[in-house]
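So the protein sequences, as listed, match chains A and B.
Take the first sequence: its position 14, counted from the start at 1, is 14 in my numbering, and no numbers get skipped.
Take the second sequence: its position 68, counted from the start at 1, is 68 in my numbering, and no numbers get skipped.
No wet-lab data here; the hints were simulated from the structure.
It should be emphasised that the depicted structure is a prediction, and the values quoted were computed from it without experimental measurement.
There could be a bad hint or two in this list.
What the hints assert, rightly or not - Each pair of labels, with its calculated beta carbon distance range:
1) Glu58(A) to Pro81(B): 36 to 44 Å
2) Lys56(B) to Gln95(A): 18 to 26 Å
3) Ala78(B) to Thr7(A): 22 to 30 Å
4) Asp30(A) to Leu3(B): 21 to 29 Å
5) Asp38(A) to Leu45(B): 31 to 39 Å
6) Glu5(B) to Asn57(A): 16 to 24 Å
7) Gln9(B) to Gln95(A): 28 to 36 Å
8) Phe42(A) to Ser26(B): 15 to 23 Å
9) Gly52(B) to Lys40(A): 26 to 34 Å
For each residue, glycine too, the CB sits at the ideal point set by N, CA and C.
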Amino acid sequence: DTAVSQTPKYLVTQMGNDKSIKCEQNLGHDTMYWYKQDSKKFLKIMFSYNNKELIINETVPNRFSPKSPDKAHLNLHINSLELGDSAVYFCASSQEALQGSYGYTFGSGTRLTVV
Amino acid sequence: TQLLEQSPQFLSIQEGENLTVYCNSSSVFSSLQWYRQEPGEGPVLLVTVVTGGEVKKLKRLTFQFGDARKDSSLHITAAQPGDTGLYLCAGVTPGANNLFFGTGTRLTVIP
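Chain A extracted, bound-state conformation:
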């Protein structure tokens, strides 16, 4: 059983299109996240979400929006895709815990290529 699963694994699309990446976790975790990994392998937080609060990294364009139909899912919608959006996007989950004493479980990533 995959703990955190993302689909699709690869996504190639044209500039201006709207696309979604799905994420599901079966760990019963309280909090889910989206990270973006650039070409230099730097991982940057985009969103964190639990059933109480959505925290958005202020540097994320509003073309990106997370949508959570339930506690086990956090999907990422991207409108009007741009070339600079090309990256690997990772979904992750963790138990809600102050001070980050619990580790994150990551999905295997979605490689988005905008052409």
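Given chain A, work out where chain B should sit, using these hints.
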């Protein structure tokens, strides 16, 4: 803003050698985690350290959290080809729950 700087950025060593990776910051962290990422996969948690000065061992890997909780190190003894990967430190700042990642160290162990 780059909160966590790792060094070296790249490291290529022979099987059986020892190595140390450093993770440094000017910020204090309430906890620090180390992950290993392999190509085409997400990062996988290796260890979490929460107390200043804490040392944890995971087989041939030794992790240390600095006394001031601003830095950490990962030491690998007798490296093996299976240790090859991208090593990432990640910290949680006090009062926050989000994990901020370091710049990464790409390790290659040559058989």
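Status of the hints after comparison with the structure:
For the pair glutamate 58(A) and proline 81(B), the beta carbons lie near 42 Å from each other, so the given range of 36 to 44 Å is met. With their beta carbons about 19 Å apart, lysine 56(B) and glutamine 95(A) fall inside the hinted range of 18 to 26 Å. Our hint of 22 to 30 Å for alanine 78(B) and threonine 7(A) is violated, since their Cβ atoms are close to 39 Å apart. At about 24 Å, the beta-carbon gap between aspartate 30(A) and leucine 3(B) stays in the expected band of 21 to 29 Å.
About 21 Å separates the C-beta atoms of aspartate 38(A) and leucine 45(B), a value inconsistent with the hinted range of 31 to 39 Å. Checked against the given bound of 16 to 24 Å, the beta carbons of glutamate 5(B) and asparagine 57(A), roughly 20 Å apart, stay inside it. Checking the proposed 28 to 36 Å range against glutamine 9(B) and glutamine 95(A) shows it holds: the Cβ atoms sit about 32 Å from each other. A beta carbon spacing of about 18 Å between phenylalanine 42(A) and serine 26(B) agrees with the range 15 to 23 Å that was offered as a hint.
At about 30 Å, the beta-carbon gap between glycine 52(B) and lysine 40(A) stays in the expected band of 26 to 34 Å.
Hint compliance for this structure: hints 3, 5 are broken, all remaining hints hold.
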